[in-house]
Amino acid sequence: MRRFSFLTALGFGLSLISSSVLANINTQTSNPVAATSVADQNITPLPDNITSGPNDERIPELPAAIVRLLEQGMTLESRFDAGAGLTGWLLSVDDRFTLLYSTADHSTLISGTLLDQNGQNLSEQHMQQYLPRPDIQVLEKAWSVQQHSADTEAAAHTVYVFFDPACPFCRLSWQAFKPYVQKGADIRWVPVAFLQPASRIAADRLMQSDNPLNTLQNMMEHPKQASEIQATASGKEVSDQRWQSLQHNMELMQRFGLQGTPAMVWQDADGQIKTFSGMPELKDFASITGLPEQPQTAPELSRFR
14 MRRFSFLTAL
24 GFGLSLISSS
34 VLANINTQTS
44 NPVAATSVAD
54 QNITPLPDNI
64 TSGPNDERIP
74 ELPAAIVRLL
84 EQGMTLESRF
94 DAGAGLTGWL
104 LSVDDRFTLL
114 YSTADHSTLI
124 SGTLLDQNGQ
134 NLSEQHMQQY
144 LPRPDIQVLE
154 KAWSVQQHSA
164 DTEAAAHTVY
174 VFFDPACPFC
184 RLSWQAFKPY
194 VQKGADIRWV
204 PVAFLQPASR
214 IAADRLMQSD
224 NPLNTLQNMM
234 EHPKQASEIQ
244 ATASGKEVSD
254 QRWQSLQHNM
264 ELMQRFGLQG
274 TPAMVWQDAD
284 GQIKTFSGMP
294 ELKDFASITG
304 LPEQPQTAPE
314 LSRFR
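Counting from 14, one number per residue, gives the positions in the sequence shown under our numbering.
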């Protein structure tokens with residue numbers, strides 16, 4: 014069972030599009046027009062130089078709202094059938110990606126998380142399927158806190174975990190990783206901040222700490238500290254440099270098609286990049302770390318057995 018905290022649509026989708034572009038997203042007219050006419054009005058022939066899809070398929074036409082985004086400097090990466098009458102559109106600008114959906118009549122674009130009737134995150138599946146994935150080495154340059162045991166031989170691969178300081182499931186994943194760290198797991202904790210205003214302040218404190226690992230451990234194992242940070246967050250600002258690092262981490266998270274925390278990225282023994290969003294079942298931590306399954310004694314983890 015996956016348990017995770019979602020990124021907001023504003024912070025992770027529409028925030029990648031300029032306000033001038035957003036002003037033109039909804040192309041519905043105020044005049045009463047039949048649905049078929051609205052669809053016709055909002056379809057624009059595709060320029061010859063735009064292609065899409067894994068097989069470089071030609072797209073014959075585009076909604077007018079998408080054309081406006083392209084005119085603003087965005088690039089169309091993929092178009093796909095998202096089901097329920099929706100069409101998915103993956104666009105990029107300056108190596109940043111955003112996922113949008115258009116309605117069946119082509120008049121409106123939607124940004125946000127799609128869930129099916131079983132609660133499965135369809136948007137995350139679409140991101141993982143259509144987003145061009147970077148090499149895992151790009152994560153080595155991200156600001157992170159390394160957690161490993163100096164007394165044991167390092168594991169075969171590194172696990173990168175995107176976390177928000179205010180995310181309760183991130184604290185649970187910290188507990189679940191602990192016995193694996195004692196056996197040599199190399200975990201890099203990559204901070205992002207989107208859940209609460211206090212998330213940014215907590216991440217800022219972590220990034221300017223003289224002992225980031227100790228500070229992170231206190232955050233993860235003493236939730237009361239998060240409440241204290243929340244109470245004192247009003248009016249405080251994050252330095253530009255550290256905010257840029259947090260923004261970069263969030264962009265990396267998106268590049269790997271991840272939309273909630275905790276979010277994990279690793280490379281398996283076959284060299285394949287693997288990802289997982291949410292709190293895994295305890296048995297899955299073995300495959301994530303590449304180590305034999307370890308006993309878990311923390312009572313708060315019992316529901317994930």
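There's no promise every hint is true.
[As the list claims (entries may be wrong)] Straight-line distance between alpha carbons at most 35 Å, and here's what the computed DSBU-like set of lysine-lysine pairs gives:
1. Lys154 with Lys287
2. Lys191 with Lys287
3. Lys296 with Lys191
These aren't lab readings, by the way, just hints derived from the structure by calculation.
Need the list of violated hint numbers for this structure, in ascending order. none
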